[in-house]
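With the hints as extra help, turn the sequences into a complete structure.
Protein sequences appear in the order of chains A and B. Residues in the first sequence are numbered consecutively from 22, following the numbering used here. Residues in the second sequence are numbered consecutively from 38, following the numbering used here.
Don't take each hint at face value.
Taking lysine to aspartate or glutamate and the EDC-like style, the derived pairs with C-alpha atoms no more than 20 Å apart in a straight line are [as the list claims (entries may be wrong)]: (1) K364(A) / D43(A); (2) K353(A) / E249(B); (3) K364(A) / E249(B).
Keep in mind the hints are simulated off the structure, nothing from the lab. A quick note: this is a predicted structure, and the numbers were derived from the prediction, not measured.
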Amino acid sequence: MSRKIEFPKDSPVAVVSADWGDSNATVRGGAYLLDVHAALTLRNIGQQRIRGITLAVYAQEVTPGGKGAVSQPSLDVGPGDTFSLRIDMPLLRPLGSGNTGPGVEVTLDGVLFDDLSFRGPNKLNSQRTLTVWELEARRDRKYFRNLLETQGREALRNEMLASLSRQADRMQPGVQMVRGRATNMDTEHEIQFAFLDVPDSPVTPVDGTARVSGNEARAPRFEVRNRSMRPVRHLEIGWLVQDQNGREFYAASMPADLNLAPNQSGQVVQDTALRFRDQLAIQSMAGFVSTVEFADGSYWIPSRSALDNPRLRATLAPSPEEQRLAQIYNRKGLVALIEELKKF
Amino acid sequence: MSWHVAETQLALFITGDLPLWQSLGVRYHLGHCETCQARMETYRADRQRFQAHANQLPPGLDWDRLAAEMTANIHLGLEAGECVTPRPRKTRLLGERIRNAAPAFSWTRIGIPAGIMAGVFLLLVGSWVLNVPPSSTQSLLRSLRTIAMGGRDHIQTMRVLEDRTPTLEVSSTGIAVRENGSQLGMAQKGADPLAVSVSAQGSASAQYVDQETFQVTVTSVYVQ
Numbered sequence: 022m023s024r025k026i027e028f029p030k031d032s033p034v035a036v037v038s039a040d041w042g043d044s045n046a047t048v049r050g051g052a053y054l055l056d057v058h059a060a061l062t063l064r065n066i067g068q069q070r071i072r073g074i075t076l077a078v079y080a081q082e083v084t085p086g087g088k089g090a091v092s093q094p095s096l097d098v099g100p101g102d103t104f105s106l107r108i109d110m111p112l113l114r115p116l117g118s119g120n121t122g123p124g125v126e127v128t129l130d131g132v133l134f135d136d137l138s139f140r141g142p143n144k145l146n147s148q149r150t151l152t153v154w155e156l157e158a159r160r161d162r163k164y165f166r167n168l169l170e171t172q173g174r175e176a177l178r179n180e181m182l183a184s185l186s187r188q189a190d191r192m193q194p195g196v197q198m199v200r201g202r203a204t205n206m207d208t209e210h211e212i213q214f215a216f217l218d219v220p221d222s223p224v225t226p227v228d229g230t231a232r233v234s235g236n237e238a239r240a241p242r243f244e245v246r247n248r249s250m251r252p253v254r255h256l257e258i259g260w261l262v263q264d265q266n267g268r269e270f271y272a273a274s275m276p277a278d279l280n281l282a283p284n285q286s287g288q289v290v291q292d293t294a295l296r297f298r299d300q301l302a303i304q305s306m307a308g309f310v311s312t313v314e315f316a317d318g319s320y321w322i323p324s325r326s327a328l329d330n331p332r333l334r335a336t337l338a339p340s341p342e343e344q345r346l347a348q349i350y351n352r353k354g355l356v357a358l359i360e361e362l363k364k365f
Numbered sequence: 038m039s040w041h042v043a044e045t046q047l048a049l050f051i052t053g054d055l056p057l058w059q060s061l062g063v064r065y066h067l068g069h070c071e072t073c074q075a076r077m078e079t080y081r082a083d084r085q086r087f088q089a090h091a092n093q094l095p096p097g098l099d100w101d102r103l104a105a106e107m108t109a110n111i112h113l114g115l116e117a118g119e120c121v122t123p124r125p126r127k128t129r130l131l132g133e134r135i136r137n138a139a140p141a142f143s144w145t146r147i148g149i150p151a152g153i154m155a156g157v158f159l160l161l162v163g164s165w166v167l168n169v170p171p172s173s174t175q176s177l178l179r180s181l182r183t184i185a186m187g188g189r190d191h192i193q194t195m196r197v198l199e200d201r202t203p204t205l206e207v208s209s210t211g212i213a214v215r216e217n218g219s220q221l222g223m224a225q226k227g228a229d230p231l232a233v234s235v236s237a238q239g240s241a242s243a244q245y246v247d248q249e250t251f252q253v254t255v256t257s258v259y260v261q
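Rendered as structure tokens:
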């Protein structure tokens, strides 16, 4: 299996070392299955602190399963510092003319700095993803610091225990994504979305439906309205599903690029089918706006208090930063957590 | 005549239950013995009177209901007997003549052909397992199941077709790439993610936290 790491000439990070470990390629039907395992050591060769990075991993750009990405949010890498990054993923590369054999290429998709500036090709929209994660990280770190300062160590401890408990209790059934295909429609029916009100959301979902058959939902569509005074260019809707036993879980996110002027309505449509495993039958669905990107490049994310909605608390995964802080508390204790919160 | 037909033989002759060779002998004797002939007529008349009397049901008796209850009780008794001591049935329906037990069983007669067939079967199975990819086997089994169901489960049929192309699946164990229903690979094998998600735009992601460095890594695989 051939391997290639290629970063742009103006990349703010450089590869110090790359260990491909037990990466291998096997033939499966009409394609190579590339089992990619790599441990990279990168150095910040720029002048700013790095808060997030995304690497794109390609076996074949257009084949389903031929492209992947590895992101590391919640970083704090100063100029000249090194950090490690692991790549572990299966990718597919079809057999056939034009392909010279199994091979994988790693490129830089983007780096986010502490001033929220971004550099990189951004082919996988990593600027948006990294920026949202960084905003969530700042929101959550501020929340936990305020909790410590106003209510003390015990309140912080209790909040961490509650976060760990929520993570353990959160339901995650198997979900299979089938894109752009239609299944049998004999027993299919249309289900209306109910919407959760997220306070201060600049975009409001007005209407939404999806076609449901048993444990499969497809072709979701939403009508949304920009109720802010700023034009919107991108939004993301969270999709909740309730099964036959009344259990609710986060099914998928629906990103959509759409230009909405102030007070304008628009439609979000996806040619996607989700199939749920574990003998699950869809009873009802709900949606909520989880991210909005304005035309000027700024973002809106739900506030910490908005996430106190019991249904969102139970279904939404915590931010990567909250997960990281909870693991620090879980492994190293409250003192280590407080030290971490004081860093920045 | 110096001898006469026994009463039991005569009674069986009248009802037609005497074996053929005995019936011929009785018939010949009746043609030459007035005593036995008179006795036969008496027995025949008695039988007809009894039959006529038996056909008269007591007033108010619901024979259909009685017959249904008796039939149900008989079936119940038979099934209860099967639960206690299951044994090969000798009759299929009530009223059928009981036949003799199954023909003689011989290990030699069936053991050798069965052994040969078992050996051939094992050889075929072994060759299949060694040479045919598991994914193809599972695909074939699914197709056969679909055919057996006569196409009634259309959704399952369509899924068989869909599953021929790679699909992404997320679960509590991470991201899996599947084809023909078989799992081709799993991102970060051996490590359970803290969170997984699916984007309707065509990707699946899993979040991991390194337990030593506490660095968060988000692995994503794209369908399109």
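Cross-check of the supplied hints:
For the hint linking K364(A) to D43(A), the alpha-carbon distance of about 36 Å lies beyond 20 Å, and the restraint is violated. Taking the CA atoms of K353(A) and E249(B), the gap is near 10 Å; set against the 20 Å cutoff, the hint holds. Distance restraint check for K364(A) and E249(B): the Cα-Cα separation of roughly 18 Å lies within the 20 Å cut-off, and the hinted pair is therefore satisfied.
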